[in-house]
Amino acid sequence: MSNGDARGRGWPWRRAAPSSVPVSRAPADGAIQIYHVSKSYSAGSFALRDVSLRFAKGEFVFLTGPSGAGKTTLLRLLFAAEQPSEGQIVVLGRNIARLGAPAIPALRRRVGVVFQDFKLLQRRTVEENVALALEVVGTPPRVARAKVFAILKQLGLQHRRYHHPLSLSGGEQQRVALARALVNEPEILLADEPTGNLDPGLTLEIMDLIASAATRGTTVIVATHQLEIVRRYGKRAVRLEAGCVTEDSAAGRVRT
Amino acid sequence: MRAMIRLGYFVRTAFAGLRASPVTTAVAVITIAVSLVLVGAFALLLANMEELLGRFGDDLQVTAYLEDGLSAEQVNELVRIVHTVEGVQAARIVSKQEALERFRAGVGQGSALLEGLGENPLPASLELTLAPEQRSAAGMARVVGSLEGLAGVSELASGQDWVEGYLRALALLRGIGWGLGLLLALATLLIVANTIRLAVFARRDELEILALVGASRAFVNGPFLLEGFLQGAAAGALALALLYALFRLVLPGFEFGLALLLGGVAPRFFEPHEMAALVAGGAALGFVGSAAALAGGGRA
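Chains as they are written, first to last, in our numbering: chain A, 2 to 257; chain B, 91 to 390.
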């Protein structure tokens, strides 16, 4: 839409929009718009400081930077686990800062999240873990079973569906978590160090699966400190340091 | 369809939750049941006492003893006057002769003693039946007040004092019952709230994930509310069983005390709708206690 500086200083996309359109109702062609967002947990110390970013629909973006740079905080803001201290965040047309608690579930059904520690329920089978995301939205059991089987098959886990997570390898567990995040066909997939607990072979396997979600139109944001992954995929990379955006590979390029 | 799916999920999850912590659940159910037994026993006692009063209510009457030597016209005139008194439904004349017959029948084999009596010492009387709305200590007092000083009436007798005392005891017991009930209801709420809070804590990882995949608050809370409801209902049923056991096995051992309270009327157990009310009350307490725990807890 617009080229220019996206390092968190200007609002290049806003200049392109009609000036009468208020920020909170910016056109939804971007999946995520972040305007001058700061997050501080205690006075004077910032987890994020004046971050402005825009992610287009279907875009595949890496968030990089050292531990404590604010990657996790940024992702948590995007699925409304927290509210920004300052600034506005528009996710799929909804302003996170003004989202009331009752509206959060509806947003989360459109956003899949994957974590480094998988967050699987150990007492439930692989199938049940994945089905949880469908149960929540009231999918009829027969439909849910079919959808769960399809996604598990796609991720190569169909033979593991009656196993419990602890009997699986780390890579398999993360694939289950990924299946749970993708089974609802989310518009956005957020992954926080998804391969942090995996060895290099499995890392590529998981990353390829995540990348394939982006090719189907899902906006994918992966936070990682593993630069070799970022280099391998050659996608847009946003670097955070001490809560600030210090580098954005998309800067100066025309983004779609 | 969606509601059915959701209900199915709630039921499965609630039972899984109850099974996951059997000891906590059992302790909660038993404690609530004990509270309900206490309240239920009180309610049963009160119900029986009230029933007794109702039964005696039909017999509540005022007796006006007549002076000796009144002519038949004078007696009829008195009956006419008495009928005009508000609250009097009927008046029946009991002659001196009838009074003696009754006395004789009441004394039984000792009636031979009465043969020695030359003259019938018993007075004639008017037995006044009260209108239904006046069948209470207050109503009786009003009627007695209206009849006092009536020419030809030597004395007025009524069960007024007895009824008043009984009513006062009943009111006191009812007050104690309500106080006890409220106190125990509060205790029950706290017990359920605490149990549910423990259950929430035990399942916090699951709740975190549910929130993450977009579960609504109702979806997350539903199983916990159902759990509280089921605990309360189970406690109600258990309390009912305990009360029935007490009623059947223990009560007969206190016949004498019962006779004092109930005047020899056989005590009754709860009617079906009262049993349902006890179980429903337990369930409602469980539900509200659970709701209180969830309102306080919030979620991620």
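Hints may be right or wrong, so weigh each one.
[As the list claims (entries may be wrong)] Distance ranges between label pairs, derived from CB positions: (1) A:ALA151 to B:ALA93: 23 to 31 Å; (2) B:ARG109 to A:ARG143: 45 to 53 Å; (3) A:ARG124 to B:ALA385: 56 to 64 Å; (4) A:HIS37 to B:VAL117: 49 to 57 Å; (5) B:VAL117 to A:PRO141: 48 to 56 Å; (6) A:ARG143 to B:ALA367: 52 to 60 Å; (7) B:GLU298 to A:ARG143: 25 to 33 Å; (8) A:GLU186 to B:ALA335: 37 to 45 Å.
No lab work stands behind these hints: they were computed from the structure. Note that CB positions come from ideal geometry on N, CA and C, so glycine has one too.
Hints versus structure:
no.	hint	result
1	A:ALA151 to B:ALA93: 23 to 31 Å	holds (26 Å)
2	B:ARG109 to A:ARG143: 45 to 53 Å	violated (26 Å)
3	A:ARG124 to B:ALA385: 56 to 64 Å	violated (27 Å)
4	A:HIS37 to B:VAL117: 49 to 57 Å	holds (54 Å)
5	B:VAL117 to A:PRO141: 48 to 56 Å	violated (38 Å)
6	A:ARG143 to B:ALA367: 52 to 60 Å	violated (41 Å)
7	B:GLU298 to A:ARG143: 25 to 33 Å	holds (28 Å)
8	A:GLU186 to B:ALA335: 37 to 45 Å	violated (58 Å)
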